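Can you make the complete structure from the sequences, with help from the hints?
Chains as they are written, first to last, in our numbering: chain B, 60 to 374; chain U, 60 to 374; chain D, 60 to 374; chain Y, 60 to 374.
Hints were generated in silico from the structure; no laboratory data involved.
Treat the numbers as computed from the prediction; the structure is a model and nothing was measured.
Incorrect hints may have been included.
If several chains are the same, the list does not tell them apart, and a pair holds so long as it fits within one copy or across any two.
The list that follows gives simulated cross-link-like pairs (lysine-lysine, BS3-like), each with its CA atoms no further than 25 Å apart [as the list claims (entries may be wrong)]:
1. K199 - K223
2. K83 - K188
3. K337 - K83
4. K70 - K100
5. K203 - K232
6. K182 - K67
7. K337 - K166
8. K107 - K70
9. K107 - K199
10. K232 - K205
11. K70 - K132
12. K182 - K166
13. K337 - K76
14. K259 - K204
15. K223 - K67
Number of protein chains: 4
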Amino acid sequence: MTNVADFKWSKDMKLNKFTSSLGKIGFQSTEIMNASNTIVKMKTEGAKIFLSFTSNMVTSGLRGFFAQLIDLKIANIIITTVGGIEEDIMKAKGEDFPIGSFFSDDKALYERGHNRVGNLIIKNESYEKFEDMIDPMLEKLYAKKKRYTVSELLYELGLQLNDKNSILYQASKHNVPIFCPAITDGAFGFHLYSFSLKHKDFIVDVVGDFSRLLSASSYDEKKGLIALGGGVSKHHAILGTLINGGLDYAIYMTTANYTSGSMSGATTQEAKSWGKIKDDADAVTVIGDVSVFFPLAMCGALEELSERGVIEIKK
Amino acid sequence: MTNVADFKWSKDMKLNKFTSSLGKIGFQSTEIMNASNTIVKMKTEGAKIFLSFTSNMVTSGLRGFFAQLIDLKIANIIITTVGGIEEDIMKAKGEDFPIGSFFSDDKALYERGHNRVGNLIIKNESYEKFEDMIDPMLEKLYAKKKRYTVSELLYELGLQLNDKNSILYQASKHNVPIFCPAITDGAFGFHLYSFSLKHKDFIVDVVGDFSRLLSASSYDEKKGLIALGGGVSKHHAILGTLINGGLDYAIYMTTANYTSGSMSGATTQEAKSWGKIKDDADAVTVIGDVSVFFPLAMCGALEELSERGVIEIKK
Amino acid sequence: MTNVADFKWSKDMKLNKFTSSLGKIGFQSTEIMNASNTIVKMKTEGAKIFLSFTSNMVTSGLRGFFAQLIDLKIANIIITTVGGIEEDIMKAKGEDFPIGSFFSDDKALYERGHNRVGNLIIKNESYEKFEDMIDPMLEKLYAKKKRYTVSELLYELGLQLNDKNSILYQASKHNVPIFCPAITDGAFGFHLYSFSLKHKDFIVDVVGDFSRLLSASSYDEKKGLIALGGGVSKHHAILGTLINGGLDYAIYMTTANYTSGSMSGATTQEAKSWGKIKDDADAVTVIGDVSVFFPLAMCGALEELSERGVIEIKK
Amino acid sequence: MTNVADFKWSKDMKLNKFTSSLGKIGFQSTEIMNASNTIVKMKTEGAKIFLSFTSNMVTSGLRGFFAQLIDLKIANIIITTVGGIEEDIMKAKGEDFPIGSFFSDDKALYERGHNRVGNLIIKNESYEKFEDMIDPMLEKLYAKKKRYTVSELLYELGLQLNDKNSILYQASKHNVPIFCPAITDGAFGFHLYSFSLKHKDFIVDVVGDFSRLLSASSYDEKKGLIALGGGVSKHHAILGTLINGGLDYAIYMTTANYTSGSMSGATTQEAKSWGKIKDDADAVTVIGDVSVFFPLAMCGALEELSERGVIEIKK
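Structure follows, in structure tokens:
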């Protein structure tokens with residue numbers, strides 16, 4: 060049994076020393092370490108790793124980190140919501156997202172065309188540029204064929220980008236599928252609709268992606284999930300692995316509470332009643348803000364994985 | 060300015076006396092009253108009312124209440140997630156959902172085929188019965204035509220049900236559209252996929268529903284939203300009204316916090332920076348468990364609306 | 060096993076019908092019913108009932124309800140924090156507390172002398188009146204004797220009030236002890252300090268109250284706790300019963316989460332590891348805003364208790 | 060205006076690089092950076108710094124960090140609750156606190172004499188050893204004089220310890236007062252009570268500490284507060300500075316929500332309505348688990364302060 064150890068700061072501390080000290084503080088610090096160790100284990104033992112996240116995390120600076128994780132072959136399957144797709148493309152095309160405040164004068168922001176997402180801002184002009192660029196991108200893929208599943212469509216969009224920090228770019232480069240079941244739930248949905256008015260034979264086939272989700276992992280291989288936040292991205296990742304026998308490793312990281320019976324707040328314990336997570340799986344529920352907790356847990360894991368030679372760092 | 064008033068119990072209290080006393084307690088009690096008054100106002104002033112909710116609320120006993128609200132012409136447009144569709148159909152076909160405990164032995168539940176959703180249970184056999192019944196239902200509508208938007212498909216399913224407490228039944232009866240942008244994110248997604256393997260020309264058109272969402276309300280008419288919980292259902296309802304000029308009345312009721320910048324925790328204040336909610340709109344953010352807070356706020360409103368003769372009660 | 064039942068509104072609903080319907084909705088609704096039933100049980104089986112609450116609840120309209128519960132002999136021992144003592148006295152002397160908004164211009168409030176507590180206001184003039192009245196009240200009790208335990212001191216203050224809605228008034232009338240371990244943590248602390256400068260032999264004996272806390276319940280009698288909110292009031296109530304063998308019935312009602320290991324978020328499960336709550340006790344953790352949840356749970360219990368003739372209602 | 064920057068991991072990352080990258084991610088990451096910068100500012104500008112924390116943080120490994128902060132002259136005044144005092148002494152005497160799980164079999168823990176605090180354990184034998192050692196410690200100080208304010212009493216206890224990681228030891232060494240208004244709210248309260256039965260003239264003077272709290276800072280000097288968690292420790296620190304004109308710098312770090320009007324969840328905004336925090340103060344509300352967030356914010360600040368030569372590091 061491990062005991063609590065007094066945390067002490069020392070000058071010029073290395074991050075991995077910090078994260079390993081965290082593990083002995085207790086409360087959520089310890090859960091972050093448990094998550095970190097589980098990530099190391101799922102990667103080392105060759106699991107197929109699903110990474111799900113919500114759109115607001117792409118609004119944030121985690122976006123480049125997700126792209127890096129695809130490049131490092133940590134994330135093998137991505138599941139997200141459409142806002143994240145839109146913002147990844149905006150950023151790939153050079154749009155900046157200002158940092159503001161949670162306590163703003165929202166009417167003043169409205170007049171400046173500044174749309175608030177917590178303490179971040181998406182400018183109206185970023186949406187306008189997105190609108191301008193998406194139509195020609197869709198035309199290119201329409202020229203190839205008329206019917207796309209969502210993951211095929213996102214693959215084609217990623218091929219048209221050129222930004223190492225882009226999730227779509229890295230996913231297309233590494234053939235990592237991106238699933239986005241509610242593809243119409245955002246500005247992109249509107250643009251798809253407008254596009255389809257001009258091209259009546261253009262079909263976005265959501266049902267077809269179900270087949271690809273099922274074949275993204277198999278019953279026999281080990282499966283791991285890192286679910287950041289809740290909602291449809293978390294649920295869809297779980298669904299995709301449940302049908303193939305359930306998860307061998309799972310990290311649920313969220314601020315949502317179990318008390319309302321929501322998917323967002325559902326714990327790894329609850330998941331075992333469904334067989335979503337196997338009985339003997341390594342499973343950790345971490346409760347806290349992903350913008351802080353995920354970099355900590357993941358950087359701790361990356362240091363360890365690079366030390367073991369499991370991941371390869373490019374110059 | 061209203062002052063705090065000491066709450067006192069009296070024997071045989073009527074619900075409307077209770078709810079009006081709540082308003083003068085303070086904290087979330089007062090916000091429940093603000094929500095209640097806003098519902099009365101949006102209905103009285105003839106707004107088109109969007110009601111969004113997450114699947115777990117259909118797992119709960121709120122399901123029959125949602126059906127009642129459609130029947131009472133309070134809810135004019137429904138937005139939800141696919142789990143709720145599945146469970147509404149299961150219940151319409153007579154399946155029971157046991158009440159359990161948040162703190163169960165989840166491995167024991169698994170062995171009994173009891174899937175836990177907070178403190179509620181969905182039995183494996185309910186999923187099996189759903190599987191058995193859904194295929195013939197889809198065959199019936201395939202016989203009519205081959206391409207359906209999601210809301211058309213749900214309309215057809217509702218026509219095949221016969222349960223006054225069913226959301227789909229009441230929605231079809233009253234021509235209330237049900238939008239469900241992530242239609243494949245559940246067991247129903249798997250069944251649609253299996254069905255489409257047998258019927259290659261069967262198309263579920265998600266993009267097509269965008270048109271119907273836009274025309275569900277107009278720029279000129281007043282628009283109100285009651286968003287219960289967060290995620291894609293909340294976001295989609297907002298999206299549908301944003302394009303038509305934003306909301307005149309809004310109630311966001313959720314347990315999610317604003318602190319992580321998520322859609323689930325986004326406040327009515329934040330919404331004003333986007334124009335999702337108009338500057339001068341009646342907008343209330345209520346933080347608490349919907350299973351308790353919504354019946355309170357809504358029953359308070361229904362009493363008032365029936366007193367004013369705005370809603371008609373059937374015998 | 061109970062099943063979920065569809066909730067339906069009906070005109071002129073009685074509160075007890077409403078609360079019993081809540082129990083079959085699920086999630087926190089069901090926990091409110093569990094709490095209600097546990098209150099009925101602890102009272103019916105003759106337990107000594109501890110009621111603990113935080114100061115903000117006395118700022119709210121729950122204050123008169125707490126006074127009523129003392130009068131109805133539901134609450135036998137009170138534990139709270141000093142802000143609640145101050146505000147109970149202010150209200151007993153006629154001060155009003157306005158209802159404001161969670162999202163105020165706090166600098167403007169400051170300039171108006173309006174101190175915000177969530178969406179409630181305490182006016183500077185209420186503090187000034189408290190300052191004016193407390194000194195003569197202390198003089199009266201100093202004339203009797205020079206050394207008081209905190210509960211004795213509060214008893215004497217209650218005797219000087221004349222307001223049926225006052226917690227102190229009802230407690231003194233019914234000989235219900237009020238424990239307040241951090242008596243100096245508020246404006247009252249400052250006034251006690253000023254008073255003691257003038258009266259060097261005036262002693263507030265906190266240690267002496269420990270004896271009274273221990274004898275407020277005995278090892279052999281059944282003990283119940285209704286802990287509203289967290290912090291020192293919750294902890295002190297538990298401490299007082301732990302030493303006498305632990306609780307037979309417990310309701311923890313709070314918005315605090317278990318995830319940080321705090322007393323405020325500590326669950327009734329955790330309490331069993333300490334023996335704070337007995338193995339086989341009726342124990343319920345309810346997560347939600349007390350301003351809403353407590354009136355619901357308690358009014359449900361009061362209806363039932365009055366029906367069974369366990370409590371007597373005065374005209 | 061700062062923009063969001065893509066976070067990227069690099070091998071052998073230094074902690075200060077990590078923390079400065081966090082600042083550009085958004086959401087609570089950014090607030091951690093704001094907190095860190097505010098700590099640097101309050102220290103650099105010579106403010107008197109109040110540090111308040113709850114007992115569970117002393118259960119955790121933050122205890123040694125708090126001791127270090129006293130030693131580094133970052134924390135000038137300490138306010139806490141009595142459980143933290145008890146556990147600091149236990150640890151100073153060599154007791155270990157095992158790390159367990161949030162989801163334990165609490166009845167089994169009870170039988171083993173393991174008391175759970177979140178995912179940490181305090182053993183019965185640690186309480187027994189505390190009981191054995193505290194009486195002789197009290198005898199020593201009783202031999203000196205008969206009447207102690209709480210902070211004097213804690214000063215004397217600290218002198219009897221010999222552990223660099225002890226909060227009491229460092230506080231006594233550096234003449235940093237520790238305020239603990241609810242001194243009887245724990246096992247120590249029971250021991251004080253037992254001691255006072257043997258020594259009728261022994262007086263713990265809580266009112267007397269009010270004078271020392273007031274003189275711990277002055278109206279003219281700059282005052283800063285780092286409030287970790289909520290409850291009486293947070294409130295007492297605020298009270299102590301409010302009377303001296305309010306805070307110039309404030310960090311509130313907690314998991315509690317503003318929605319219930321509790322002191323624990325009270326924001327730095329709300330504090331401005333009271334004058335608890337000055338209009339133009341640097342004030343940050345950070346929402347998250349202190350066991351993770353505080354080491355991050357504080358280590359970032361310590362690196363910067365040591366680089367600027369403001370703090371001196373001992374070998």
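Which numbered hints turn out to be false for this structure? 3, 9 and 13
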